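Chemist: Residue strings, one per chain:
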Amino acid sequence: MKKLIFALCLLWCSTILTAQEYFPENAGVKVNNNNYTAFTNAKIYVTPTQIIEKGTLLIQHGKIVSASSTVSIPKNSIIIDLKGKSIYPSFIDVYSKFGVEQPKKKPGSGRSAEYAPSRDGYYWNDHIMPENKAIAQFKYDDKEAKVLREAGFGVVNSHIQDGIARGTGVLIALNGEGTDANRILDDKSAQYFSLDKSIAKGQSYPSSLMGALALLRQMYSDADWYSKGNSTTTDLSLEALNANKNLVQIFEAKDKGNDLRADKIGDANGIQYTILGGGNEFERIEEIKATNAKFIIPINFPDAYDISNPYAVGYVSLQDMRFWNQAPTNPKVLADNGIQFSLTTYDLKSPSNFKEKLMKAIEYGLPKTKALEALTTVPAQILGKSNQIGSLKTGAYANFLITSGDIFDSSTTLFENWVQGSKSVINSIDTKDIRGDYNLNVQGKMYAMSIMGEVSKPSIEVKQDTMKLTSKIAYDNNWLTMSFATDKGEHTYRMTGATTEGSDNLSGLLVLPNGTETKFTATKSKAFEEKEGKDDKAKDAPKVMPVMYPNVGYGFASKPKSETVLFKNATVWTSEEAGILKNTDVLIKNGKIAKIGTNLSAGGAKVVDATGKHLTAGIIDEHSHIAALAVNESGHNSTAEVKMEDVVDPEHMGIYHSLAGGVTSLQLLHGSANPIGGRSAILKLKWGEEADGLIYDNSPKFIKFALGENVKQSNWGSFSRFPQTRMGVEQLYMNYFQRAKEYDTKKKNGEPYRYDEEMEVLAEILNGERFISCHSYVQSEINMMMKVAEHFGFRINTFTHILEGYKVADKMAEHGAGAGTFSDWWAYKYEVNDAIPYNAAIMQKQGVVTAINSDDREMIRRLNQEAAKTIKYGGMTELEAWKMVTINPAKLLHLDDRVGSIKEGKDADVVLWSGSPLSVYSKAERTMIEGTTYFDLETDKQNREKIKKERNELVTMMLKEKSGGKKTQGPKQSVKRDFTCESL
Amino acid sequence: MRSITKFKTTKMKKYITLLIACGLVLQTMAQQTPAPKQTEAITIEGATAHLGNGEVIESSLIMFEDGKLTFVGDSKMKIARKGKVIDATGKHVYPGFIAPAKTLGLIEIDAVRATKDEDELGDFIPHVRSLIAYNAESKVVESMRPNGVLIAQIAPTGGRISGTSSIVQFDAWNWEDAAIKVDDGVHLNWPNTFRQGRWWAGEERGYQPNKDYGEQTQAVVTFFKNAAAYGKSTSKEVNPAFAAMKGIFDGSQKLYVHADGEKEIIDAINTLKANGTKEIVLIGGYHAYKIPEFLKSNNIPVLVQYTHNLPVYDDDDYDLPYKLPKLLVDAGLMVAIQNSDAENFQTRNLPFYAGQVVQQGLDKEVAVQLLTGNTAKILGIDDLYGTLENGKSATLFISEGDALDMAGNQLTHAFIDGRSVSLETHQTELWKRYLGKYEGE
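Residue numbers (our numbering), protein chains in the order written: chain A, 1 to 984; chain B, 1 to 441.
To be clear, the hints were calculated from the coordinates, so they are not data collected in a lab.
Treat the hints with caution; some may be incorrect.
[To be verified] With a straight-line cut-off of 27 Å between C-alpha atoms, the simulated DSS-like cross-links for lysine-lysine are:
| # | chain 1 | residue 1 | chain 2 | residue 2 |
| --- | --- | --- | --- | --- |
| 1 | A | Lys746 | A | Lys787 |
| 2 | A | Lys146 | A | Lys201 |
| 3 | B | Lys116 | A | Lys967 |
| 4 | B | Lys290 | A | Lys948 |
| 5 | B | Lys263 | A | Lys946 |
| 6 | B | Lys323 | A | Lys613 |
| 7 | A | Lys976 | B | Lys432 |
| 8 | A | Lys845 | B | Lys211 |
| 9 | B | Lys290 | A | Lys829 |
| 10 | B | Lys211 | A | Lys962 |
| 11 | A | Lys686 | A | Lys946 |
| 12 | B | Lys116 | A | Lys948 |
| 13 | A | Lys941 | B | Lys290 |
| 14 | B | Lys116 | A | Lys811 |
| 15 | B | Lys211 | A | Lys349 |
| 16 | A | Lys829 | B | Lys437 |
| 17 | A | Lys712 | B | Lys116 |
| 18 | A | Lys811 | B | Lys364 |
| 19 | A | Lys972 | B | Lys211 |
| 20 | B | Lys211 | A | Lys976 |
| 21 | A | Lys787 | A | Lys845 |
| 22 | A | Lys712 | A | Lys748 |
| 23 | B | Lys211 | A | Lys941 |
| 24 | B | Lys437 | A | Lys787 |
| 25 | A | Lys948 | B | Lys263 |
| 26 | B | Lys364 | A | Lys941 |
| 27 | B | Lys323 | A | Lys960 |
| 28 | B | Lys116 | A | Lys829 |
| 29 | B | Lys211 | A | Lys949 |
| 30 | A | Lys143 | A | Lys97 |
| 31 | B | Lys364 | A | Lys949 |
| 32 | B | Lys263 | A | Lys949 |
| 33 | A | Lys976 | B | Lys437 |
| 34 | B | Lys364 | A | Lys976 |
| 35 | A | Lys972 | B | Lys263 |
| 36 | A | Lys368 | A | Lys357 |
What you are looking at is a predicted structure, and each value in this text was computed from that prediction instead of being measured.
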């Protein structure tokens with residue numbers, strides 16, 4: 001009887017792990033398997049840093065009993081000798097969609113956008129779905145589990161990868177033999193977020209990155225308000241969000257900049273997200289480190305570009321070439337900086353590509369210990385499951401890998417992947433290594449045969465004298481099947497045979513080309529040797545290009561520094577009452593304009609001979625959309641809650657190009673898709689700094705409003721959003737400001753109120769703390785806007801575009817509004833029919849502070865020329881014209897105490913021109929911000945040569961990659977979008 | 001227009017409506033009345049004359065009669081000053097600037113579909129002619145003149161072969177009067193080896209290889225072969241598209257091919273030459289500076305893209321668009337500037353594009369040629385236009401200062417075929433009206 005039970009146990013031990021003890025059993029007798037399995041003589045990685053050179057791993061009931069060199073093996077143990085082999089904890093992927101059904105893309109809903117939510121009882125925005133549960137969509141996927149186990153994974157954490165708030169995940173052991181009762185380790189493993197809308201929902205808000213950020217902020221604030229019982233209605237989304245508050249919070253950011261954006265949202269709400277990165281974290285590693293977040297890092301490094309066609313090379317930017325070269329260093333750089341991260345298969349075509357990419361990361365310097373941590377202990381820690389997974393410590397699940405050696409060596413074979421004590425054979429552990437050189441005897445004729453490649457998947461080469469013959473080999477369960485053909489494939493010899501214990505020679509059945517069956521023998525002459533020695537590889541460490549600031553073609557090798565500079569003998573355009581000063585010296589010190597005069601002594605300053613040259617304050621563009629990742633949140637007709645400061649792109653080439661045109665500051669405005677747009681970012685073009693480094697300290701607060709055709713959506717066939725007429729535009733403003741007033745009153749009176757970011761911003765306007773830059777064209781709407789403002793007791797700070805400003809310049813002056821306008825644009829739409837290039841001159845003469853702006857990525861490069869047009873059109877003096885791009889926009893932006901003119905004590909934002917800044921013949925030779933030179937012709941010239949050289953070097957490397965048979969991708973040009981007001 | 005305001009006071013409501021309607025029409029359609037034929041000789045004395053052929057006369061004497069220049073020389077010349085004398089001492093005289101490949105008069109307001117007539121349906125439609133749709137009374141067209149732009153080639157856009165262009169002057173009652181050269185050339189958009197990602201279909205933005213390039217170029221070859229074969233047939237059945245290509249094969253019309261990339265330019269010119277095209281002009285030519293020898297040996301003039309452009313590739317020199325025309329001139333090519341990609345109103349900035357090239361070191365008089373003499377030569381109107389020479393059309397203007405620089409470009413006079421054209425526009429009228437409002441005029 002005992003024997004029988006034992007036999008049954010043996011049979012069952014690999015199929016049923018932990019019997020569900022309270023389940024009735026009707027298929028036979030109910031049994032328990034209390035046997036142990038002992039893996040002896042193995043090198044055991046209990047953790048990446050706790051290694052037992054020769055020890056025993058003891059498991060029972062799917063869990064680790066112990067792992068040490070001194071285990072006493074219980075008698076009821078199955079003993080497996082793993083001499084020379086290694087045991088590792090199996091891998092964990094924190095970011096998977098394994099087994100969880102993903103939503104399908106909603107088919108297009110026609111031309112009209114959807115503004116209303118599609119659900120009742122949930123949050124007002126369809127993309128907020130914290131109530132989603134991955135467990136509800138979970139169905140174990142046997143096929144995919146097998147692929148994952150083959151890649152070394154034992155546990156994956158899966159969720160519905162859709163929407164901005166995505167609900168909870170499910171932690172799954174990839175146990176092929178158990179049931180979901182075994183596999184589900186946690187049905188609420190984490191709560192997930194992203195910046196991407198649901199593909200299954202059509203609600204148009206948020207249409208932009210900044211909208212997604214604003215929505216997340218409001219969602220958290222609403223959740224807090226809801227949790228205090230303030231809501232009179234039920235919101236299942238907010239309830240779920242609150243209920244999941246104590247889970248691990250994971251944010252899908254997928255880009256270095258978005259990593260930081262996500263972290264900011266977290267900081268504001270007392271949450272430390274674990275962040276799914278984008279693989280480009282190395283480019284801004286200091287800021288990434290400062291988040292203190294743990295990261296989940298994809299390793300889908302790009303393939304080299306196929307640029308064998310020289311005409312195609314031009315399309316691939318240095319930035320993209322460099323990223324190909326640098327991306328594999330991302331894990332190394334993260335490790336070097338002490339950032340905790342796990343690695344994921346996310347973004348890979350298949351988990352089967354995982355090892356190749358992982359090996360690349362190691363080749364590029366990722367320490368093996370860190371690699372192992374990133375696949376075991378760190379993901380376990382991220383999930384708060386360190387006691388259960390990620391190590392071979394007592395009590396943890398028996399999830400482990402058995403390998404032929406170092407798991408991060410390309411020649412190592414993964415034999416088995418055990419999950420919860422259940423074995424999956426990846427490559428038979430008993431496979432005999434038959435690789436080597438043989439003398440093959442076929443009917444007395446001798447052939448040279450070499451078997452090489454992987455142990456379990458060998459390849460073959462058969463030679464007749466020196467001639468290679470067509471040959472094939474298959475090897476399975478220690479049986480091999482081979483064939484080769486002589487006489488140009490005319491005659492095929494087929495062989496099959498089993499390996500023999502104790503002999504290196506091969507023999508077996510031989511079928512001759514004529515069908516006769518006989519025997520073959522192959523005598524081993526030489527053992528197999530790996531071709532490449534490890535030492536050679538180390539010597540061949542890949543060359544990695546240095547990271548630049550920013551990491552694009554014209555970036556700096558290191559961030560530039562402020563200098564003390566003396567400009568001698570310049571013609572100085574002060575933009576002040578002093579006018580234009582000839583033969584004047586200007587001293588720049590500590591980032592400020594320290595002194596203006598004649599014969600100034602240099603002291604320690606770097607002297608620039610400016611004889612014959614003109615020095616001016618840097619140009620300020622009151623209306624720009626460069627350096628932005630998004631420009632319009634068009635999902636609502638009012639979006640005061642969104643911030644351009646959230647979407648500054650410090651790597652945009654427009655920054656460099658603008659510096660080359662003498663521009664030092666600009667207002668990055670929201671677009672004109674809605675009457676109440678988003679808040680501005682006011683920037684200094686500090687090329688090389690990260691996004692927040694470009695934003696003014698103590699920045700004045702601005703917001704974009706817009707009137708006319710764009711907000712009516714006149715020119716793109718949209719008919720469902722209010723307002724559709726200028727009449728409606730007025731009513732929208734009246735309504736919003738009235739509500740803001742009521743909101744603010746409640747707040748000021750200490751009455752309870754629901755925090756509403758949008759209302760907060762509008763209240764700032766009412767309280768004179770935030771200024772409006774209003775996109776406007778025709779006189780009726782300009783007049784209306786001023787009347788609305790006057791009704792609520794505030795002032796419109798700036799009308800931008802304002803092409804019919806000349807018709808109501810007197811009213812504008814009386815109201816106290818300023819103007820930022822185009823020099824000569826018109827005729828591009830109906831509302832600019834009466835736009836005239838004399839507009840700026842008329843407004844200026846009527847006492848309206850007037851600036852010339854660009855709203856255009858190309859025109860911003862030559863605003864000096866645009867200013868000069870006010871001389872042609874309307875007879876401005878040179879000084880008045882120049883003020884239109886310097887002190888006037890500074891005044892409009894409330895920055896005239898800091899920038900916009902050459903005046904002692906102001907920021908040293910200056911430009912040295914080759915001649916009069918108003919002449920088409922002059923160019924900016926040097927552009928400084930706060931004493932730091934961000935552009936100069938000499939450096940630019942050097943950069944051109946450097947770019948040429950580096951491109952060439954990378955092209956050579958990529959061509960080598962291709963000729964070496966590596967995978968490549970087609971050439972392409974990744975362009976950043978150039979925005980205008982109307983870009984959606 | 002003021003009189004209409006007066007009428008508004010009438011109490012007859014019917015009329016008010018009607019008159020307001022008329023007012024609107026007048027307001028949007030108002031155009032300067034074309035100048036009458038030159039009847040009196042005109043002499044311009046003392047100006048710096050930029051002849052448009054690379055030469056400059058510091059103090060010049062220019063005379064014209066019946067629309068033709070009768071004397072262009074030095075003011076020291078002791079000959080009789082004929083007719084009305086304009087003292088232009090300290091001022092500058094230029095031949096009227098010429099804008100190639102524009103849709104001026106075909107589009108009035110870009111965003112209003114009803115005002116657009118530049119792009120007809122169809123891929124190969126050389127029989128579609130721009131001239132008959134040209135609106136001689138366009139407010140955008142008249143706004144060219146105060147900046148010295150007096151002539152343009154009006155070309156259809158879109159498709160592979162967009163249609164046939166004509167050359168017009170900017171002071172006319174109708175398109176017939178405006179025409180300088182009817183159906184001067186056919187415009188072909190060469191396919192691109194790269195195409196923009198279809199982002200709306202989930203592709204990345206930016207450029208990727210165009211897999212259809214071979215097929216698209218073959219379509220061009222097929223069309224040319226068919227058109228050439230058709231020309232030899234005796235059939236009475238008319239194929240208007242093939243028929244419209246006749247001038248391309250006999251050299252009486254030019255083929256304007258729009259191409260920017262190195263490979264595209266080489267393919268275009270080799271293919272077109274091999275298929276019987278006699279006169280080829282390259283439009284665009286962003287990469288033309290890389291293959292000057294090829295262009296020279298094939299005798300291809302270039303209507304190069306204007307300077308108000310961004311570098312196409314991030315690693316390009318920031319000033320490549322600024323210096324591109326100079327690079328081509330320096331390489332010995334026949335070059336003029338066009339801004340076909342820009343909105344029409346921008347064409348009044350043509351002089352400043354040339355100024356921008358001077359900023360990059362090009363000789364000023366050569367820069368003037370890029371808008372005048374060279375343009376006329378390339379467009380095939382140099383028998384009468386483009387330079388200030390005896391016997392040529394008196395199409396010229398006087399500027400207070402350097403017309404290539406914004407502050408200097410202040411026109412006092414402009415003449416087209418000797419006719420003194422108005423420098424007023426819808427825009428100057430509004431300017432003056434509102435100056436009046438504020439200054440009590």
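Chemist: Honestly, which of those hints from before does the structure not fit?
Modeler: When the structure is compared with the hints, numbers 2, 3, 7, 8, 9, 12, 14, 18, 22, 23, 27, 29, 31, 33, 34 turn out to be violated.
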